[in-house]
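Number of protein chains: 2
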Amino acid sequence: MIPRIAVDAMGGDHAPDVVVEGAILSAKEAKTAHEIFLFGQEESLNTLLSKHGGENIDSIHVVHAPDVIEMDESPSTALKSKPNSSIHLGLGYVKAGKCDAFLSNGNTGAAMAGALFILGRLPNVSRPSLAGIYPTTKSFSIVMDVGANVDCKPSHLAQFAKMGSIYAEKHLKRDNPIVALMNVGEEPGKGNEQVKAAFEEIEKLEGINFIGNIEGRDLMHHAADVVVCDGFVGNIMLKLGESVATALKQMFMEAIQGNNLSQEEAGLVKKVLGSVFQRFNYEEYGGAPLLGVNGTVLIGHGGSSARACKHIIQEAAEIAPLALPAAIESAL
Amino acid sequence: MIPRIAVDAMGGDHAPDVVVEGAILSAKEAKTAHEIFLFGQEESLNTLLSKHGGENIDSIHVVHAPDVIEMDESPSTALKSKPNSSIHLGLGYVKAGKCDAFLSNGNTGAAMAGALFILGRLPNVSRPSLAGIYPTTKSFSIVMDVGANVDCKPSHLAQFAKMGSIYAEKHLKRDNPIVALMNVGEEPGKGNEQVKAAFEEIEKLEGINFIGNIEGRDLMHHAADVVVCDGFVGNIMLKLGESVATALKQMFMEAIQGNNLSQEEAGLVKKVLGSVFQRFNYEEYGGAPLLGVNGTVLIGHGGSSARACKHIIQEAAEIAPLALPAAIESAL
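Listed in order, the protein sequences are those of chains W and L. Start counting the first sequence at 658; every next residue gets the next number (this note's numbering). Start counting the second sequence at 658; every next residue gets the next number (this note's numbering).
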């Protein structure tokens, strides 16, 4: 199977330019063979394909989607009033079996609502959830939810645990992935009302390797493969993690100046810093899959660059053949 | 006024040894003149004072408190069954006006419950709150709550905003401190039910400089002097911040080895790293004041070293003369 990826070429702060460029990079690199379907305003996309030298790439196709959903538009209004948007049509291709995955860098709310509306929830899934990636000392952990659900019941968290475990096993190839609940203390019985009840529900689940609570300080030390929390907490943690590199870089640059290093010495320090901070660069991580909908859907960063777009397309090509929706459906 | 500090010498993972050592360091450094009252088992404390060369320091006093509350003991049981604990007697000295501040490195739950029980809440304060310190590119921000209240109503968050603003102004000498609400998006109307309602309540408050929502990525870039959140979110953020330095140190050490640096080059890189990571070391920050109780109370880190104990004693000596309880009482 050669995965066919439906790409929302109009989504993201720097769309469609960087999305087209990312598609070309991905097609040329062809790490995993894949077909790319760019959804957006045809004329504009063809112009950009020529601009970036991608007009003759056979694996890139343009599908005309005249409506454009802006980044700050209300998801519900946009979905109703713009049926020919890149989000609608791209998801429609997945629904119709003409594509194997859909991805968008925004409007995130509209992309998620569209996925729910067009593809639908899997049976028994209460809340589809975004699975984010967190860099750790060992490799990285899955954090879910990272923003799809800011108000969660304990039962939602239990489903996140289950879906996250399947994702970690299938995509990250972790055997018997370690699942933990993000909390303010390690002992059972710690936490707010939500996580105390979630702990009991997760503990009862079969087929997952639940180790109990972890604390904020354990996340970066890779205490678990899958870290369960609601989308409010997960979103804050994820964005805090993204800022670690930028904030520390600034602090280190000041320290380099403060220490009066020579140019050569500063270069050496920057080289070491760069190799670590690379791991905190979300551009390298692709997007977050929306688990629990009936299809493969990935949500990327609004500020995505061409490089980030390349990675999310390649990630979609890797994830689509895993048939995660079927695995989740049979587990829940 | 020479501040008199009541110190729970029995609280913390390494108590009483490090607490006594920290008291001696603080008394000898005498950055701010202060009297230290060590509450705990007299014999043991006197032995430790001799061990660390502090038996003849006039500004250190020992007050016998025979009961010891263990770190993992249930706060409510401990408070009832151990009336002669260091927590009870130390807080009693503050209540009676014989000391100006109380501090403890744990059992945190017992210390907070004790403060509520013995000193009481200030009028109109619904929930006393722990104000934590977060290192930023500029200096540091106050995060509150960091764990005293894991289930919060919107009105509680509004009080945290008010109390945090007073603390930032009085203690950190910030003029018209910037107050922000931690959220998943910047626009008003973003967030879970709790913060959406809190936003509206905080907006109505007079006398604070509320700039609206900030996101996880803004925290370390010093978007605000006071960051408002519930104790569940704040505790996770705070501990995540503490782990940034330890996790990155490990990653950098691996990068230094991976880059085959000479010993001299590695030393240079470590020097630059050290100067930045110092700012993430909670030992340097003293403790978190419990704002909203009728007295000055500081809670330190359970794992505190002697150096951390020294800093929290000195911080208590700085905070006590500010009369924060009176300022909070007149503002609420």
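Simulated from the structure, these hints should not be mistaken for lab results. Heads up, some of the hints might be wrong.
One copy or two, it doesn't matter: identical chains are merged, so the pair holds either way.
[Claimed, not checked] In silico lysine-lysine, DSBU-like type, Cα no more than 35 Å apart, as pairs: (1) K737 x K853; (2) K810 x K927; (3) K752 x K906; (4) K737 x K847; (5) K853 x K906; (6) K861 x K810; (7) K847 x K752; (8) K755 x K927; (9) K896 x K928; (10) K810 x K795; (11) K928 x K755; (12) K810 x K928; (13) K927 x K861.
Everything numeric in this text was worked out from a predicted model, so none of it was measured.
Each hint tested on the structure:
1. K737 x K853: between (39 Å within a copy, 25 Å between copies)
2. K810 x K927: So K810 and K927 fail the 35 Å test inside a copy (45 Å) and across (46 Å) alike.
3. K752 x K906: neither (44 Å within a copy, 47 Å between copies)
4. K737 x K847: Answer is between; shortest inter-copy Cα gap is 21 Å, intra-copy 43 Å.
5. K853 x K906: For K853 and K906, the Cα distance is within 35 Å only across copies (33 Å; inside one copy 38 Å).
6. K861 x K810: both (16 Å within a copy, 30 Å between copies)
7. K847 x K752: The answer is between: 30 Å across copies meets 35 Å, while 43 Å in one copy does not.
8. K755 x K927: Neither: 47 Å inside a chain and 54 Å across chains, both beyond 35 Å.
9. K896 x K928: For K896 and K928, both the intra-copy (24 Å) and inter-copy (28 Å) Cα distances are at most 35 Å.
10. K810 x K795: within (31 Å within a copy, 38 Å between copies)
11. K928 x K755: Close neither inside one copy (45 Å) nor across copies (57 Å); limit 35 Å.
12. K810 x K928: neither (45 Å within a copy, 47 Å between copies)
13. K927 x K861: Classified as neither: same-chain Cα gap 48 Å, cross-chain 47 Å, threshold 35 Å.
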